[in-house]
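Trainee: Respectively, the protein sequence lines represent chains A and B.
Heads up: the first sequence at position 32 corresponds to 32 in full-length UniProt numbering, and the numbers run straight through without jumps.
Heads up: the second sequence at position 112 corresponds to 112 in full-length UniProt numbering, and the numbers run straight through without jumps.
Don't read these hints as lab results, they were simulated from the structure.
It cannot be assumed that every hint is accurate.
Derived pair list, reagent style SDA-like, types lysine to any residue, alpha-carbon separation capped at 20 Å [unchecked claim]:
no.	chain 1	residue 1	chain 2	residue 2
1	A	K82	B	V73
2	B	K64	A	Q83
3	A	K131	A	K175
4	A	K93	A	K175
5	A	K27	B	V90
6	B	K43	A	K175
7	A	K93	B	Q79
8	B	K63	A	K175
9	A	K37	B	F40
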Amino acid sequence: MEEALVRAPIPPDLRKILGVESKTSSKAEAFTRAFLKNSMQRTSKHDLDSMLSYKAVILGFTRPQKDKSKRSSKRAKGLSAKQKRKMKVFQIKPEHQRYELFLPLHELWRQYIIDLCGLKPTSSPQSVQQKLLKADFHGAIITVVRSKCPSYVGTTGILVQEFKHVFKIITKEDKLKVIPKRNSVFEVEINGFISHIYGSKFEQRASERSAKKFKVKGTIDL
Amino acid sequence: MAGQLKDREAYQRLNYLYQAAHCVLSQNPENVELSRFYSFTQKTIARRLVLRQDPSIKRTMCKKCCSLLIPGVTATVRQRRKNRKTRFTVMRCISCGQSKSLLNNPDYSLWADQPEAQLQPQKQTGPGSSGEKQHKKTKPGESVSSQSSASTQQQQSISSSSGNKD
Ligand SMILES: [Zn+2]
Numbered sequence: 001m002e003e004a005l006v007r008a009p010i011p012p013d014l015r016k017i018l019g020v021e022s023k024t025s026s027k028a029e030a031f032t033r034a035f036l037k038n039s040m041q042r043t044s045k046h047d048l049d050s051m052l053s054y055k056a057v058i059l060g061f062t063r064p065q066k067d068k069s070k071r072s073s074k075r076a077k078g079l080s081a082k083q084k085r086k087m088k089v090f091q092i093k094p095e096h097q098r099y100e101l102f103l104p105l106h107e108l109w110r111q112y113i114i115d116l117c118g119l120k121p122t123s124s125p126q127s128v129q130q131k132l133l134k135a136d137f138h139g140a141i142i143t144v145v146r147s148k149c150p151s152y153v154g155t156t157g158i159l160v161q162e163f164k165h166v167f168k169i170i171t172k173e174d175k176l177k178v179i180p181k182r183n184s185v186f187e188v189e190i191n192g193f194i195s196h197i198y199g200s201k202f203e204q205r206a207s208e209r210s211a212k213k214f215k216v217k218g219t220i221d222l
Numbered sequence: 001m002a003g004q005l006k007d008r009e010a011y012q013r014l015n016y017l018y019q020a021a022h023c024v025l026s027q028n029p030e031n032v033e034l035s036r037f038y039s040f041t042q043k044t045i046a047r048r049l050v051l052r053q054d055p056s057i058k059r060t061m062c063k064k065c066c067s068l069l070i071p072g073v074t075a076t077v078r079q080r081r082k083n084r085k086t087r088f089t090v091m092r093c094i095s096c097g098q099s100k101s102l103l104n105n106p107d108y109s110l111w112a113d114q115p116e117a118q119l120q121p122q123k124q125t126g127p128g129s130s131g132e133k134q135h136k137k138t139k140p141g142e143s144v145s146s147q148s149s150a151s152t153q154q155q156q157s158i159s160s161s162s163g164n165k166d
């Protein structure tokens, strides 16, 4: 009986007060799963295994004394590169590489680009391209049109991560592809407006492009 | 006002990245990595262009690993008490363990929300968090509900809040 109470939808009057809405069962299940996984106590066994296999352990009587000077500073320090590598901060796990999960992201991106460029038939392509230069491309559907390596040509997918030298895109076949920017030309389409991105000119981190000034004319050798 | 805002594109980009991080998490609550990547990009853009982010945004991001803090999904929220009067809301990031605590004080308003901040734009705006005063009449339940509701509202109206900052 209590379980039924837990699964009951939120009454409409409460819904208004709280400002929340019931979700569809599939979404609710995904949330519950993640919530339970996060709430469970992490077993230290896994850590123990890795510690024993890679490190020499000295057996002694005394417990290591806690470093008191370290505890005094409570400020967040950020992660070191080593910790980042160990945590795999930005690596998408294979089970999350599913095309359908990123479709809402693409929809959000479309709205963002339309809002940013004000895409109308009257607007000049130059002004739109100027804005696109500093826009964000996470969530866009991109296609490789030209490349020095022919096997990349024709790959289409949603761009999920942009790094300094590569794009990570997810294709319709749920594959995560890593495509180098250098020597490739990408195509982005928004409401019939097609724009080409010369990857060789884009070789910066996603965050650096916002601040950078682009030269109007440059030689493009591809 | 939004028309002649200097870094309009950059603000739109920050707004989009913040929303994208939410979008990814709402689709798949376990894909913390991608949402963290977007938040990290957002943070680095703001740092490079020297744009101030609203406190409501900063409070939903982990200072250490940059992941989005959503109660129950990527963070745990607990009520802690120091002594009889002062109570704190402690948010702890699940992935890296960094915690941030906010004083429960229903009377506290951010510096940016106070009328003085709007009147004298040329004056240097002081850091909002350091001005927290301890008031006696703090009831944890009230303050927490007001805090959380405010933050959700700000999340929805984030485009307006980021646009109106300057
Ligand atoms: Zn964290």
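Trainee: Which of the numbered hints are not met once you compare them with the structure shown?
Mentor: 1, 3, 5, 6, 7, 8 and 9
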